[in-house]
Amino acid sequence: MEIVKLTEKNRKEVLQKMYDALTRDELVVFPSDTVYGLAVNAVSKKAVDKLLAFKDRPKGKAISIAIASLEKLSTYAAIDDNQRQLIETLLPGPFTLVLSSLHMVDNRLEAEDNTIGIRIPDNKLVHDITTKLPFPITATSANMSGKGPHYSINAFLNTLSHIKRNQLSLIIDAGTLPHNEPSTVLHMAKDTLKILRSGTLALKKHSTFQSKSVSETMKMAHTLVSKYQQYAENKPLLFILKGDLGTGKTIFAKGVGAFLGLTEVVASPTYVVCHEYDTPNPYYKKFYHFDLYNIRTEEELQALSIPNTITQNSITLVEWGERLGSLIPLVEKTTKTILIAFTDMGKDERQLDIFEVQ
Amino acid sequence: MNILSIDTSADETSVAITNKQRVLSTVIFSQISLHKPYGGVFPSLAKREHYSKITPAIELAMKKAQMRFTDIKAIAVTIGPGLPPALEVGVSTAKLLALLYKKPLIPVDHIEGHMYSPFVQNKNGNPKREFLFPFLALVVSGGHTQLVIVTSHIQYQILGSTLDDAAGEALDKAGRMLGLGYPAGPAIERLAENGNPKAYALPVPMKKLPGLNFSYSGLKTAFKHVVYSMNEKERVLHIHDLAASFQNAVVQSLLLKLERALKTRADIPLVILGGGVSANKTLRQQFRSLVRTYHRKPLTVAYPYLSGDNAAMIGVVAWYKYKKGIMLNDKHAIQNVERIPRANLTMYTTE
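Those protein sequences? They're chains A and B, same order as listed.
First residue of the first sequence: 1, per my numbering; consecutive thereafter.
First residue of the second sequence: 1, per my numbering; consecutive thereafter.
Chain A with its partners taken away, still in its complex shape:
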């Protein structure tokens, strides 16, 4: 077993070492955008044998693979145009996509229903190694089956017996990772997707809206809130907003505030994470405006107790809402949930992809 510390300077050498080890069908521990991962050549029987022996993984439980880019996706999975559009909105990001497999990898990595989990990690090292290699690698988290993920090499190694340690060939140590959550697993079938593991969230592609100005984005907020007002009596409304800095998320929130008749300024809640408003609107008496820009871990998320905040007759809007992760299925049960992905199309133009939870 060799442990190599990843630094600014030795990136090239590390890549070569990974390349060599993986080509020799050996086990490599590597840092990803979420947790430490365990990589082997996903098309080699010998390599997958080693991986399964190491993980003590029960048979029939799928193991996801990592690929370099969206272009390579169709080599490993069957996707149609609708799915492609949906995937392009969601990636890159901390998602594992479960798709219909084209059986290009060792079949023990696939699930019993012939699906395969695919990740495109938002991480330079993983991107570089998957680009360099002629085959995909496994992207399962570096832990024993049924145990939690690890954010540091020491924490991981401490859980291993001497025998297990010797099964690992190469370990890339990038220090303690910034405690990002493990990826969310999205199961895609036709134009719907649901979150595996933690519930039955099924997002349905609903519509795309091109906004040419700030006022059009605000108007879109009006349209959406009034459209879903019919659900107000039974369920609070939840907007999950995903999008980069400066794509119009707070503007949309201002639109919701204006619709609700707020006279106060709806400003960015980045600094304090949540703003709460009492509204004069008869259907939605409370407006909760969250911003998870500064929230990076599961622990932080739990501390905000968002599901407890959402009351009847309220609207909750969450900027950087993709970071809700494990909470999405929880809040989805009690709310009418809408996911909106914001994209900057240049100048004042924004695209809003609106998905409704079914």
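Just so you know, not all the hints are guaranteed correct.
One-sided and incomplete, this derived list gives chain A residues near chain B with beta-carbon spacing under 10 Å [what the hints assert, rightly or not]:
no.	residue
1	L52
2	K254
3	A258
4	T263
5	Y271
6	V273
Straight-line C-alpha distance at most 30 Å; calculated BS3-like pairs for lysine-lysine [claimed, not checked]:
no.	chain 1	residue 1	chain 2	residue 2
7	A	K347	B	K207
8	B	K224	A	K347
9	B	K233	A	K124
10	B	K198	A	K72
11	A	K50	A	K132
12	A	K227	A	K286
13	A	K124	B	K73
14	A	K219	B	K224
15	A	K285	B	K47
16	B	K233	A	K12
17	A	K72	A	K132
18	B	K233	A	K9
19	A	K132	B	K233
20	B	K207	B	K95
21	A	K286	B	K47
22	B	K198	B	K281
23	B	K224	A	K212
24	B	K198	A	K347
25	B	K233	A	K5
26	B	K128	A	K17
27	B	K324	A	K219
28	B	K297	B	K281
29	B	K208	A	K212
30	A	K347	B	K233
31	B	K95	A	K286
32	B	K208	A	K347
33	B	K324	A	K212
34	A	K9	B	K224
35	B	K324	B	K128
36	A	K212	B	K207
37	A	K219	B	K208
38	A	K72	A	K45
In short, the hints are calculated from the structure, not lab data.
Even for Gly, the Cβ is constructed at its ideal location relative to N, Cα and C.
Model the placement of chain B on the given structure of chain A, informed by the hints.
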């Protein structure tokens, strides 16, 4: 007349003992290095840290001032605006102390603290600065951007606030676009020193719109378009100019509104600058020279620690509230005090 004051509005756990305007002791435990790896203030981390540090901070402040609770006349605390779980720690501790030692409780708005910060004195009573009413206060920090007239002690009139991002938040987000760590504001300032503030034509926010409100989301987006149009190499090559241009647009927008207020209000003899962003040298210098051009008196904090979050300024505000009888003595009233994360001055003015 000794006051024990507490401020836990964001990532500093601060306790001070003040006597009128004088600071007898002050303790600031910062969490910035702790939050650094994550790039932001972290609610649960902040809460846990505040809880572990508040008691040692109180003990240390008392020890440094050589005081016992019998020497303390009142407890003051920041009730907002701020990070809810962080505020919670300060407010619950202050309530407990007030009830336990039977002292009046004085709730203070964090922004009031920044507006009084230039009048905070050291333990020898220096500097001696006069309140000249009505005075104008420009408060600029990570969470706030406000222009307020202080008509007399504890009487406020808000002239303008940010409509979206705070100025400090904009600096932080711009810094992160450039790949700088948290807090990015001071890093932007350092880089800007060697940069050309006019290298990139960024819009000065709200220049063409009337009124005294602030807005930084448009500037943030314009900056994003510039930064994203470059590759990594170009970004590194031009990082000084990028930082200088962004900082300049922020400073100009602040001064633009200040100048408008000065033009319309000839009755204001004094202008103060407070809040974390007031530590920025470029802003301080240009602020002073603008205010002097209009023949008014500019004031900034006397000691650097007073521009950031601190309990000393809260204690000084509390003294003026105490003099006016703005405090809670009743047990039930004290028990009912709650944090107000979106507090906005007006709630604590005596109309």
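Structure-based check of all given hints:
Taking 10 Å as the C-beta cut-off, the interface hint given for L52 (chain A) is violated, the closest approach to chain B being about 35 Å. At its closest, the beta carbon of K254 (chain A) sits 8 Å from a beta carbon of chain B; the interface hint therefore holds under the 10 Å criterion. A cut of 10 Å between beta carbons decides the hint on A258 (chain A): the least distance to chain B is about 12 Å, and the hint is violated. Nearest Cβ of chain B to the Cβ of T263 (chain A): about 12 Å, over the 10 Å cut. The hint is violated.
The interface hint given for Y271 (chain A) is met, as the beta carbon of that residue sits about 4 Å from the closest beta carbon of chain B, less than 10 Å. Taking 10 Å as the C-beta cut-off, the interface hint given for V273 (chain A) holds, the closest approach to chain B being about 6 Å. Of the supplied pair hints, the one linking K347 (chain A) and K207 (chain B) holds, its CA atoms being roughly 19 Å apart against a limit of 30 Å. Proposed proximity of K224 (chain B) and K347 (chain A) is supported: the alpha carbons are some 11 Å apart, at most 30 Å.
Straight-line distance between C-alpha atoms of K233 (chain B) and K124 (chain A) comes to about 16 Å, which keeps the hinted pair within the 30 Å bound. At roughly 44 Å between alpha-carbon atoms, K198 (chain B) and K72 (chain A) are farther apart than 30 Å, so this suggested pair is violated. Restraint check for K50 (chain A) and K132 (chain A): the C-alpha separation of about 22 Å stays at or below 30 Å, so the hint holds. With a CA separation close to 18 Å, the supplied pair K227 (chain A) and K286 (chain A) stays within the 30 Å bound.
Among the hinted pairs, K124 (chain A) with K73 (chain B) is inconsistent with the structure: their alpha-carbon atoms are about 59 Å apart, more than 30 Å. The straight-line distance between the Cα atoms of K219 (chain A) and K224 (chain B) is roughly 24 Å, inside the 30 Å bound, and the hint therefore holds. With a C-alpha separation of about 29 Å, the suggested pair K285 (chain A) and K47 (chain B) falls inside the 30 Å cut-off, and the hint holds. Only pairs whose Cα atoms come within 30 Å are accepted, and K233 (chain B) paired with K12 (chain A) is accepted, the gap being roughly 18 Å.
Proximity of K72 (chain A) to K132 (chain A) is assessed by CA-CA distance (about 13 Å); at most 30 Å being required, the pair is judged to hold. For a cut-off of 30 Å, the pair hint linking K233 (chain B) to K9 (chain A) stands: about 16 Å separates their Cα positions. With a C-alpha separation of about 22 Å, the suggested pairing of K132 (chain A) with K233 (chain B) holds against the 30 Å cut-off. Our distance criterion of 30 Å between C-alpha atoms is broken by K207 (chain B) and K95 (chain B), whose separation comes to about 45 Å.
A hinted pair counts as satisfied when its Cα atoms are at most 30 Å apart, and K286 (chain A) with K47 (chain B) qualifies at roughly 25 Å. Distance check on the hinted pair: K198 (chain B) and K281 (chain B) sit about 18 Å apart at the alpha-carbon level, within 30 Å; holds. This hinted pair checks out: K224 (chain B) and K212 (chain A) have alpha carbons roughly 18 Å apart, not beyond 30 Å. This hinted pair checks out: K198 (chain B) and K347 (chain A) have alpha carbons roughly 21 Å apart, not beyond 30 Å.
Under the criterion of a C-alpha separation no larger than 30 Å, the hint pairing K233 (chain B) with K5 (chain A) is consistent with the structure, at around 25 Å. The straight-line distance between the Cα atoms of K128 (chain B) and K17 (chain A) is roughly 67 Å, outside the 30 Å bound, and the hint therefore fails. Among the hinted pairs, K324 (chain B) with K219 (chain A) is inconsistent with the structure: their alpha-carbon atoms are about 47 Å apart, more than 30 Å. At most 30 Å may separate the alpha-carbon atoms for a hinted pair to count; K297 (chain B) and K281 (chain B) meet this at roughly 18 Å.
Taken as a hint, the K208 (chain B) and K212 (chain A) pair is honoured in the structure, with Cα atoms around 20 Å apart against an allowance of 30 Å. At roughly 24 Å between alpha-carbon atoms, K347 (chain A) and K233 (chain B) fall within 30 Å of each other, so this suggested pair holds. Among the hinted pairs, K95 (chain B) with K286 (chain A) is consistent with the structure: their alpha-carbon atoms are about 28 Å apart, no more than 30 Å. Between K208 (chain B) and K347 (chain A), the direct Cα distance comes to roughly 18 Å. Compliance with the 30 Å bound is thereby established for this hinted pair.
In summary, the hint linking K324 (chain B) to K212 (chain A) is not supported, as the alpha carbons are separated by about 53 Å, beyond the 30 Å threshold. The straight-line distance between the Cα atoms of K9 (chain A) and K224 (chain B) is roughly 28 Å, inside the 30 Å bound, and the hint therefore holds. Between K324 (chain B) and K128 (chain B) the alpha-carbon distance is near 22 Å, which keeps this suggested pair within the 30 Å criterion. In summary, the hint linking K212 (chain A) to K207 (chain B) is supported, as the alpha carbons are separated by about 22 Å, within the 30 Å threshold.
Taking the CA atoms of K219 (chain A) and K208 (chain B), the gap is near 23 Å; set against the 30 Å cutoff, the hint holds. As the CA atoms of K72 (chain A) and K45 (chain A) are separated by approximately 21 Å, the hinted pair is consistent with the 30 Å bound.
Figure legend: structure checked against the earlier numbered hints; hints not met, in rising order: 1, 3, 4, 10, 13, 20, 26, 27, 33.
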